[in-house]
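Full structure from sequences and hints, please.
Number of protein chains: 2
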Amino acid sequence: MSFPKPISTIAFDADDTLWVNQPHYDEVEDNFAALLSAYLSREAVSHGLYEADVRNLPIFGYGAKAFMLSMIETAIALTDGRISGKEIQRIIEMGKEMLSRPVQLLDGVRHVLDSLEEDYALMVLTKGDLLDQESKIARSGLGRYFQTVEIVSEKKPETYRKILDRHGLQPDEFVMIGNSLRSDILPALEIGACAIHIPADSTWAHEQVSEANVTDKNFLKLDNICQVLDHFETPIRHS
Amino acid sequence: MSFPKPISTIAFDADDTLWVNQPHYDEVEDNFAALLSAYLSREAVSHGLYEADVRNLPIFGYGAKAFMLSMIETAIALTDGRISGKEIQRIIEMGKEMLSRPVQLLDGVRHVLDSLEEDYALMVLTKGDLLDQESKIARSGLGRYFQTVEIVSEKKPETYRKILDRHGLQPDEFVMIGNSLRSDILPALEIGACAIHIPADSTWAHEQVSEANVTDKNFLKLDNICQVLDHFETPIRHS
Numbered sequence: 001m002s003f004p005k006p007i008s009t010i011a012f013d014a015d016d017t018l019w020v021n022q023p024h025y026d027e028v029e030d031n032f033a034a035l036l037s038a039y040l041s042r043e044a045v046s047h048g049l050y051e052a053d054v055r056n057l058p059i060f061g062y063g064a065k066a067f068m069l070s071m072i073e074t075a076i077a078l079t080d081g082r083i084s085g086k087e088i089q090r091i092i093e094m095g096k097e098m099l100s101r102p103v104q105l106l107d108g109v110r111h112v113l114d115s116l117e118e119d120y121a122l123m124v125l126t127k128g129d130l131l132d133q134e135s136k137i138a139r140s141g142l143g144r145y146f147q148t149v150e151i152v153s154e155k156k157p158e159t160y161r162k163i164l165d166r167h168g169l170q171p172d173e174f175v176m177i178g179n180s181l182r183s184d185i186l187p188a189l190e191i192g193a194c195a196i197h198i199p200a201d202s203t204w205a206h207e208q209v210s211e212a213n214v215t216d217k218n219f220l221k222l223d224n225i226c227q228v229l230d231h232f233e234t235p236i237r238h239s
Numbered sequence: 001m002s003f004p005k006p007i008s009t010i011a012f013d014a015d016d017t018l019w020v021n022q023p024h025y026d027e028v029e030d031n032f033a034a035l036l037s038a039y040l041s042r043e044a045v046s047h048g049l050y051e052a053d054v055r056n057l058p059i060f061g062y063g064a065k066a067f068m069l070s071m072i073e074t075a076i077a078l079t080d081g082r083i084s085g086k087e088i089q090r091i092i093e094m095g096k097e098m099l100s101r102p103v104q105l106l107d108g109v110r111h112v113l114d115s116l117e118e119d120y121a122l123m124v125l126t127k128g129d130l131l132d133q134e135s136k137i138a139r140s141g142l143g144r145y146f147q148t149v150e151i152v153s154e155k156k157p158e159t160y161r162k163i164l165d166r167h168g169l170q171p172d173e174f175v176m177i178g179n180s181l182r183s184d185i186l187p188a189l190e191i192g193a194c195a196i197h198i199p200a201d202s203t204w205a206h207e208q209v210s211e212a213n214v215t216d217k218n219f220l221k222l223d224n225i226c227q228v229l230d231h232f233e234t235p236i237r238h239s
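Line order of the protein sequences matches chains A and B. If you read the first sequence in this note's numbering, its first letter stands for residue 1, the second for the next number, and so on. If you read the second sequence in this note's numbering, its first letter stands for residue 1, the second for the next number, and so on.
Please note that the accuracy of each hint is not assured.
Since the list gives no way to pick out one identical chain from another, each pair is judged satisfied if it fits inside one copy or across any two copies.
Result set (SDA-like, lysine to any residue): computed pairs, CA atoms no more than 20 Å apart in a straight line [to be verified]: (1) K217 to E173; (2) K162 to R182; (3) K96 to E51; (4) K86 to Q22; (5) K221 to G168; (6) K217 to R42; (7) K162 to E150; (8) K96 to G81; (9) K86 to N56.
Hints in this document: simulated from the structure, not taken from any laboratory. Being a predicted model, the structure only gives us computed values, none of them experimental.
Given below as structure tokens:
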């Protein structure tokens, strides 16, 4: 399968597509569980945190601040309020540290962007916290590749429709690349766009959906981002 | 002073320009201070919270989640960690309640939008938390008036420049209306756009700047949003 023109715009998800993200959350969750180990088992902490994260999504949205608040709520609830102020401050410090970590690009990302930037309009299309995502784009050093950065609160079919409308694009001119079937792939396919799924090593449970039924002709699943170049009509510049 | 065409686009700040916002923060701060009144004076709480808010701005940005995290940090720091888990949960509940309050439009807003919508492209241009602002626009019932909603992490001159570029607008085609000299007025004037300042009853200390020097020919200060209609060439429909 190849994507001939008229594809004009290639949109990339950011977290766990361009750079490492979920492993940072997993690591903070490990440290959070360690902090609560005097009170609770690892499993009880993970279960409680996941419940709080999902319960708070409609009001807090995605991102590190929401995650911090859900950790604090979980810690208070699971310890029956016995958690100390100093331990809660430690949770906030973990979140702040995560928010200012260096951005670690995934292998091959820069090469792929270098190869595509002359022939396609490149876009970042990511959900999450506005300042957090802007800060990661800045720290990633990738900002110059992207003509457009779209940060949205949720990736639904109408989100994609609006963004295509805003840029005067037809669905067959647009391809979405990302690690989440739920957010990057299914809604893009639903509006008739193309979508490339590149699973990440670690995906948040809430983003996981069954992929058994994805048989759309506009759908492609790849093992890594470098393989994207095999599917576009562009002179591939080997680095 | 009147704004003749070529003004094509009128952008409105949201919080404390279209609807009540700062009074909600002030009220939560009052309740927060009451919660800590066994430990500290009102003044000490307000001073500590403001310090935390401003210190955390570069990493947390604007909005209710940042405010909640700063309240929690302040409570822990000012009580030397003696604050209880249940009291911290109470702070989170205050923030959640604020995030889901009905949106209270400021007087005259709907009439002004009704009067302008046929002759101008209307925009919301607000900083803050992405999901929080989207949710307020939805709850306000004003969404249909606006061709564009721009939610940004900070309002600097380059923010305005980028937004004008994105919409193919020249500065003299654009007017920004808002309550904050620092965020809505000065950066818009700096790029050569027009700006209308409508002070709110309550403004966060961090947004306050001296207005002694604003003598720009593109600047206008009004007492309330209804007066906006006196300065545009449009048939005013009296409601």
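So, going through the hints one by one against the coordinates:
1. K217 to E173: within (15 Å within a copy, 45 Å between copies)
2. K162 to R182: within (18 Å within a copy, 31 Å between copies)
3. K96 to E51: Between copies only: 17 Å across chains, 22 Å inside a chain, cut-off 20 Å.
4. K86 to Q22: So K86 and Q22 fail the 20 Å test inside a copy (26 Å) and across (30 Å) alike.
5. K221 to G168: neither (27 Å within a copy, 37 Å between copies)
6. K217 to R42: neither (42 Å within a copy, 63 Å between copies)
7. K162 to E150: Answer is both: 11 Å inside a copy and 13 Å across each meet the 20 Å cutoff.
8. K96 to G81: Intra 23 Å, inter 19 Å, cutoff 20 Å: inter-copy only.
9. K86 to N56: between (24 Å within a copy, 18 Å between copies)
Violation of the numbered hints given earlier is confined to hints 4, 5 and 6; the remaining hints are satisfied by the structure.
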